[in-house]
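2 protein chains.
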Amino acid sequence: MNIQDLDTPAILIDFDTMDRNLRRMATYCAAHNLTLRPHTKTHKIPEIARLQMQYGAPGITVAKLGEAEVMADAGVNDVLIVYPLWGEMKWKRVAELAKRANVSVAMDSFHVAEGLSQAAKAAGVEIGIRLEFDTGLRRCGLTLDAKSIGIAKKIIELPGLRWEGISLYPGHVMGNREIRELDIPLENAKLDRLYGLLDSAGIPCPVVSGGNTPAAFESHRFHGVTEIRPGTYVFNDRNTVDAESASYADCAVTVLTTVVSTSVPRRAIIDAGSKTLSADALLSGDRKYFGYVQGHPEFKLEDLSEEHGHLIIPESPAIKVGNRLRVIPNHVCPCINLHDRVFVVEGDQVLNEWKVAARGKVT
Amino acid sequence: MNIQDLDTPAILIDFDTMDRNLRRMATYCAAHNLTLRPHTKTHKIPEIARLQMQYGAPGITVAKLGEAEVMADAGVNDVLIVYPLWGEMKWKRVAELAKRANVSVAMDSFHVAEGLSQAAKAAGVEIGIRLEFDTGLRRCGLTLDAKSIGIAKKIIELPGLRWEGISLYPGHVMGNREIRELDIPLENAKLDRLYGLLDSAGIPCPVVSGGNTPAAFESHRFHGVTEIRPGTYVFNDRNTVDAESASYADCAVTVLTTVVSTSVPRRAIIDAGSKTLSADALLSGDRKYFGYVQGHPEFKLEDLSEEHGHLIIPESPAIKVGNRLRVIPNHVCPCINLHDRVFVVEGDQVLNEWKVAARGKVT
Chain A
2 MNIQDLDTPA ILIDFDTMDR NLRRMATYCA AHNLTLRPHT KTHKIPEIAR LQMQYGAPGI
62 TVAKLGEAEV MADAGVNDVL IVYPLWGEMK WKRVAELAKR ANVSVAMDSF HVAEGLSQAA
122 KAAGVEIGIR LEFDTGLRRC GLTLDAKSIG IAKKIIELPG LRWEGISLYP GHVMGNREIR
182 ELDIPLENAK LDRLYGLLDS AGIPCPVVSG GNTPAAFESH RFHGVTEIRP GTYVFNDRNT
242 VDAESASYAD CAVTVLTTVV STSVPRRAII DAGSKTLSAD ALLSGDRKYF GYVQGHPEFK
302 LEDLSEEHGH LIIPESPAIK VGNRLRVIPN HVCPCINLHD RVFVVEGDQV LNEWKVAARG
362 KVT
Chain B
2 MNIQDLDTPA ILIDFDTMDR NLRRMATYCA AHNLTLRPHT KTHKIPEIAR LQMQYGAPGI
62 TVAKLGEAEV MADAGVNDVL IVYPLWGEMK WKRVAELAKR ANVSVAMDSF HVAEGLSQAA
122 KAAGVEIGIR LEFDTGLRRC GLTLDAKSIG IAKKIIELPG LRWEGISLYP GHVMGNREIR
182 ELDIPLENAK LDRLYGLLDS AGIPCPVVSG GNTPAAFESH RFHGVTEIRP GTYVFNDRNT
242 VDAESASYAD CAVTVLTTVV STSVPRRAII DAGSKTLSAD ALLSGDRKYF GYVQGHPEFK
302 LEDLSEEHGH LIIPESPAIK VGNRLRVIPN HVCPCINLHD RVFVVEGDQV LNEWKVAARG
362 KVT
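Chains as they are written, first to last, in this note's numbering: chain A, 2 to 364; chain B, 2 to 364.
Fair warning: there could be bad hints in the mix.
In this list, chains with the same sequence are indistinguishable; a pair is considered to hold if it fits within one copy or across any two.
To be verified - Derived pair list, reagent style BS3-like, types lysine-lysine, alpha-carbon separation capped at 25 Å: (1) K155 / K362; (2) K321 / K155; (3) K289 / K356; (4) K122 / K93; (5) K321 / K148; (6) K191 / K154; (7) K356 / K122; (8) K356 / K148; (9) K301 / K191; (10) K154 / K122; (11) K155 / K191; (12) K154 / K321.
Note that these hints are calculated values from the structure, not bench results.
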């Protein structure tokens, strides 16, 4: 089938570009002796998770327990849930999952660890745990102080849990290369302090898990990191291009869209709005525009209604209702999350249709 | 079942609040002799569409052909697709749908009308059409001039189509009451000009379809409007409260969420991020914050990660991991669109679970 035979809007994954992205990250991690545990929140597609493992990942990362269950059902049997899961319902489900997969959870409170410990004991399984520390994003993660080390010591002693080490998310180390050059030494000072505290308390850290996509290829410069969990690198998007960690040629996902109206002067309306692309603003710079029209830097995707993309176009453009365009989204993760299926393409040929199997697993 | 037995995050619809919203709009429209054709993009749930028709709507509005098909399958057999559908694949599907439902399409180009005409002829059906004019939103819609009237005259003559009238979307008439008071006379001047042009050309307009939620209860003040298509009024949200067309007590949808981390000082992290609430910014004012925490005006939902909501909380709040909160989203339409199911509640009791059946029908 040819792309022209697809109705729009449709998510296209250029297989070769994705494959190159996957191999490049796998090669980088191997060269620097880093474990690659990709965050599959970006794609939510078991076929891609299996490819990531084929290229050397020992397991994957997810944000939701429901995603972990879908991935395990699809044969991906080593899953880190990097989320502080709360409540009896979830703890029991984690323990059930641990009967058929190697499961770890990253969290930042004694209560969550205690809940997991009791569920693990009751089910007769072992659940891996990693303790999350905050080095500056101010989201989850314990503060770098003696009180937190006290919590770590209590957690290590809980039965039913397998202590794996610590988890970090340097989501604040973003921006372009120049900004990161200033951030990395600051981050390392904090990491060194944390390692000092843990060491004094005799807490071993076989795993120090960190890493995001924008700074992924600089991960070896972060002190002590043994594992990274990039997600977006599989596809890249306008954000990663803006962060100078990829180029538009590295963007594997485009949204195939049709011009549906040119009635209003200097506007072209496409059938991709916020329910197709997501309303995520660009993370850096002037934060303007909602995507990049491939091959048409002169078109500006100025606004999104739910089902309309508002393109500002030059005065006399050769653009008509029925024309097709391909849009690279600002943030590919929430974009994929809006779709039930994606089309895998090579050039203009449609190779495959994949289900976004872990989409909608909100709990 | 009690709300406490639901895992989070979960979409809750307070039935009584929704029912009151539906009745209030139906009563308003009946009092002013306006046809109410609710836009079901907000809920995408056939059970609610049927309730809207039970309260007097002769049919519904959708943005996507796939939504129309789901609604028709569920017995909602009068559907306006207010979107300029393009392409053979869609035109044939519309004609197929017209065999089992009363279908109309709003569009703004001769090419779309011609495609629908040919598909209707081939299938031996009739498709209703409405021509869209732009009065200021600058999205879809013909300009108010002689050239557009020429297009209208050509479209009226196409076989297989049933001319119903014109479609408007006054999405630019928003803001709070004070702003709308200034906008309405300007809008009426444009409408009067349009009616003059159509009248001179002898084009009848049995239907003049307009209306959005923020200005819905002022629809009778727009000259000549016979029908309105509000969507959000079924649930309301932070945007409609901000536009002074509803109060928080009129918001029927809340996202039930759990506090999962309080490790970072003056923050509480909830399990509702942009993949649960949507990243839509507030439409007016300072555009700050991503939702309103019911009963807690002192909590500010400052930022969203994909699966984390970042609440800024006062210095010594009585808030702990495991606490539950209910969040009113900024924009309820893309929020519902992220979920496969919703829970219908009355007080703390869960009455029902409804499938968001028309979600994901992107084409």
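_Of the numbered hints stated earlier in the document, which are not met by this structure?_
Result: hints 1, 3, 7, 8 and 9 break, sorted rising.
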